[in-house]
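Novice: Each chain sits in its own coordinate frame; assemble them with the hints.
Listed below, chain by chain, are the residues.
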Amino acid sequence: MTQRLPNSFRVGPNEHGHFGIFGGRFVAETLMPLILDLEKAYATAKADPAFQAEMNGYLKDYVGRPSPLYFAERLTEHLGGAKIYFKREELNHTGSHKVNNVLGQIMVARRMGKKRIIAETGAGQHGVATATLCARFGLECVVYMGAVDVARQQSNVIRMEMLGAKVLPVQSGTRTLKDAMNEALRDWVTNVHSTFYCIGTVAGPHPYPMMVRDFQSVIGIETRKQMQEAEGRLPDSLIACIGGGSNAMGLFHPFLDDPGVEIFGVEAAGHGLTQLHAASIAGGRPGVLHGNRTYLLMDDDGQIQDAHSISAGLDYPGIGPEHSWLHETGRVKYLSATDDEALAAFLLLSRLEGIPPALEPAHAIAKVMELAPKRPKDHLMVVNLSGRGDKDIPQITEILKGRKQK
Amino acid sequence: MTTRIDARFAELRREGRAALVTFLMAGDPDPKTSLDIIKALPKAGADIIEIGMPFTDPMADGPSIQAAGLRALKAGMNLKKTLEMVRGFRKSDNTTPLVLMGYYNPIYIYGVDKFLSDAKTAGVDGLIIVDLPPEEDGELCLPALKAGLNFIRLATPTTDDKRLPAVLANTSGFVYYVSITGITGSAAADSKVVGEAVSRIQRHTKLPICVGFGIRTPQAARAVAENANGAVVGTALVDALSDSLDAAGQATARTVAEVAELVALLAQGVRGARQAAE
Ligand SMILES: Cc1ncc(COP(=O)(O)O)c(C=O)c1O
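Line order of the protein sequences matches chains A and B. Residues 1 to 406 in my numbering are what the first sequence spells out, letter by letter. Residues 1001 to 1278 in my numbering are what the second sequence spells out, letter by letter.
This is chain B alone, in the form it adopts within the complex (with noise of 0.2 Å):
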């Protein structure tokens, strides 16, 4: 099974560049606003699409991504409008991968067969589910799988040579590795130590490997691209979207343009990077 995120990643491979990997939540501020902004994205230079599906009580997510998802919820924003979103996007791209990333209630309570169904028929590609390690597998990450979905798990500086494995055995798609020990949000890590775990983590797959938390500039993403595939960034595109709004929240003319801008920064960075050989 050759998923969209397995063809980007042999494109990237032979252009010689890691992938930028941009973060935002399902409808912030807006149902209509965040779609608009999804679509923008390709063309500013994110690689792959990572889509936050709201969630009350996100426990590994900081502030600004709370809040994201607190202003999607009061827009009306919900699951079955997350996959609508996607089906919206799809309209005009089919070959931008598409990555649903949350928490495991609201799909649990869509029930597991009916929702990787949907996703799958909207055009969704992966799933990254903070709160279902490999111990829960029998969840949704083998069903998941056997629907035709990646499933992307979470390494961190926790997982040590001992767990990697397990960790690893049903990932698929790529392997996002959590370049901290902490929230959303937070100090970035010295680079010089995320190539270290980056790796440690190669010596144990052949799946590309994007390091996400803590990137917030062209220089540190650029930074990231030297060693891993890809370069996830989040926190900052959602700082870019909610400095955006009016004093109400609600979009403004510039919000689009503003996660866009940015994006394009990140993208050049990304593709300033050597790539190590491989």
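Here chain A stands alone, though its shape is the one from the complex (with noise of 0.2 Å):
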């Protein structure tokens, strides 16, 4: 790569939300006013104290932050290498890292006046904070979710419908997570005026990407502090599942300017990389969709092309546009795994640890599963175990049903 490295890693994007070439603003002028409203009202927020002390106590309270950085003793001997540690996102009200976002989002929301919220969704989790927050704060809530996702993640769906919110099945397209955003975005041009879109990770039009970043840095950040406490020292290296990569960054972020660590994102290889997957760094190449310029799995002619994998949060032909960036810059590295590799590792860590994670961060723990006997007996390994595989359990009993009967 011919490109000059950055002093620091951490402070993109510019006043145009690029990340290098990556990021922008690529959206319809309807909703370009608006864009740039809430670009303003975010920059305030984040500058008031209040704001943040606000914000602070819901997560303390309500979220039920911190979350424990837990050493993974049965796992650690079981590769019989790096020292393992979770970042527990998965005991976090509503069982993963997107209510860390969606809180950040909805005060931003009520600063703004906005009185409906509209999301789209993949795996149900983030449409489950949101619809949570929504009950939480009195406001109207609207989720997009495409219709093979409703049909695999029926348990989020019925509490999203508990929650009080309206879940819109989307047919248009593959029907899944891409769809999902692509009607969530016709929506919101309809209703420009009296909604607020609350996106569930690191992509969509700046400010978003960088402001659902600032937000699930909590991650990072409490990570270093209990490292510290535990360790005395920072990790060695700090591992990801990456759907649009919103806990991977969270994760990633407060970490960049340490050299000393190493960092992976784990994207969701499917059936493997030379059939059906959904690896837009490792299968595809940059193009512009959903408000951004970032990787993207297409054809020749600049078509998006069908993701796939065996979660739902992962089933997405794009990344977040700072994810590109630090893939081309060097700083991080991203592995895939498939779909049976994430498998193997949900049942491992059930049965090890008794935490069956989401499949999800099945992904990256298959990855911890590669890399961790490689490594000497004090690296210090953190990996994001950003939600809880209560929601896949059905799904996860079908497949191996049908395992058995072959």
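You may find that some hints are simply not true.
Straight-line Cα separation of at most 27 Å, BS3-like style, residue types lysine-lysine; simulated pairs [unchecked claim]:
id, chain 1, residue 1, chain 2, residue 2
1, B, Lys1206, B, Lys1162
2, A, Lys115, A, Lys60
3, B, Lys1146, B, Lys1081
4, B, Lys1162, A, Lys46
5, B, Lys1146, B, Lys1074
6, A, Lys40, B, Lys1162
7, B, Lys1162, B, Lys1114
8, B, Lys1162, B, Lys1032
9, B, Lys1120, A, Lys115
Keep in mind that the hints were calculated from the coordinates and are not lab data.
Specialist: Encoded structure:
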């Protein structure tokens, strides 16, 4: 890569929302004034100690933060290498890291006087978090979810509805996360005056990738402190799964300027990188979709290709723009794990640690299984356990039943 | 630089009437029928032709135009073939303005410079790219102007007086006023409200103003043509095309005629309008 390396990896984006060539504001004119308003509202909130204090209060007493940094003793023994720690985001209220971001955005929405919240969701975890905070603050909530995901994440659909949200199954395109996002954008264009779009990952037009990253950075900030307390030093490596990349960015960002910390993102390799998958860095190239320039899966005509992953939360043909930049600068290494590897990791973790992970972080665990044995015993490895597996148990039961019958 | 668009509006000004601007998707329902339809449009009464460039993820379009894009892609349409279609049209018509409308990614992947030069050579006059606001002018707008193509910007009900100058700054050919906050195929806006919006934009620019989104009938086209310099009709034409297809989604003997007949009715509507004195 010919690019000059920056002095700091933590200063982006610039005032146009660019991380290198990535990011930007590729949206319809109808949305543009609102996006500029949001940028201002967020900058004001960020600088306001009262906003931070209010958010910290809810993070502590409503979300249940800080989430523990847990030494996974039996997994460490089993793999026989690096000392493995879990950042336990699955213990948050609503069962994943998604709530960190939703809380922040809902508080910004309230400051902007918006009464109607829309969201897209894949696995349903972002939808559940949004429905939860809308219930808490008495806001109308509409969640777009691909029809395929509605079928494979039923328990989350039921949960969202119980929380008072309206879940709208999306029948267009591939009927997964990408199409849910298209449909949410269509709703937003139509209801731009009343509505706040609560995006679930570090994607979308500027300022979303930056704002979502900031709200998720609590993960990495806590990890630094907790690791100091546990081991008296920084970790040697970090690893997290990537759908759009918000749990990963939240863990990584506070460590980007610590050159001694190796960082790995894990994309979903689906059936394998030569077949249907969702690994946009491994198998894609830069393009423009959903408001930003980033690595995307597409054909030679620039048509977006279908992604595939066993995990609804990773089944997206793109990745947040800051990740694309971190890839091109070489600061973060992007790996991928297949459906089968994730499933094996899910089962191993359930049996060894009594923690069934969501299928999304099971992809990160799969790479821990590969990397940890090659590292020395004093190597400190942190994996982001971004969500719990309860939502996936029916889907996994079906898959295992199917295998027995074969 | 005078493009076919500028020449056409100069002509219409002399005739004292507004333009009928038609939108159809390139390659819908198949490349050959699509070219036949486009060729039939000027005679039926279309003054300016917008051709959609199919894209898998058209986030500002409603179900009709989404489906049209998917039909076209399924029939093997792509950006290269869209430009071929333009060349095919230009063989027999060198005056009707052609505007390509769509999303940025296929152009970005084709290569901006190559696209602009191929489009200009093929006989394209202007571009409308939904997901390129003025904030991203460096991407395509400025290079397009340099290449001699009009870059037609969308102004919307959320574009307030403070923002309008930025939106109009690098706009050329005409201004496309999106009459509603919403996607294509939504309900029509109240014509009085639209008239006021057109007057507001006219205070900021001398460019012709065409109004689109939600115009489905000759009556609605006529009402818009009373105030604006053009009425854009898309979804209604795409629906007429779609209704003419057989159960397998293939063109029938009626397909070209159905579209042309609706265009003729819309043209009558537009031509029936009294233009406000300039
Ligand atoms: C538990 C969990 N982890 C990870 C993801 C992927 O999203 P991101 O890459 O933004 O963290 C999801 C998305 O649904 C999720 O539910």
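Novice: Decide, hint by hint, whether the structure agrees.
Specialist: Results of checking the hints against the structure:
1. At roughly 18 Å between alpha-carbon atoms, Lys1206 of chain B and Lys1162 of chain B fall within 27 Å of each other, so this suggested pair holds.
2. Our distance criterion of 27 Å between C-alpha atoms is met by Lys115 of chain A and Lys60 of chain A, whose separation comes to about 25 Å.
3. Between the alpha carbons of Lys1146 of chain B and Lys1081 of chain B the distance comes to roughly 24 Å, so the proposed pair stays at or under 27 Å and holds.
4. Distance restraint check for Lys1162 of chain B and Lys46 of chain A: the Cα-Cα separation of roughly 26 Å lies within the 27 Å cut-off, and the hinted pair is therefore satisfied.
5. Restraint check: the Cα-Cα separation between Lys1146 of chain B and Lys1074 of chain B comes to about 34 Å, which exceeds 27 Å; the hinted pair is violated.
6. Annotation: proposed proximity of Lys40 of chain A to Lys1162 of chain B holds, straight-line Cα distance about 16 Å (limit 27 Å).
7. Between the alpha carbons of Lys1162 of chain B and Lys1114 of chain B the distance comes to roughly 35 Å, so the proposed pair goes past 27 Å and is violated.
8. At most 27 Å may separate the alpha-carbon atoms for a hinted pair to count; Lys1162 of chain B and Lys1032 of chain B exceed this at roughly 45 Å.
9. At roughly 47 Å between alpha-carbon atoms, Lys1120 of chain B and Lys115 of chain A are farther apart than 27 Å, so this suggested pair is violated.
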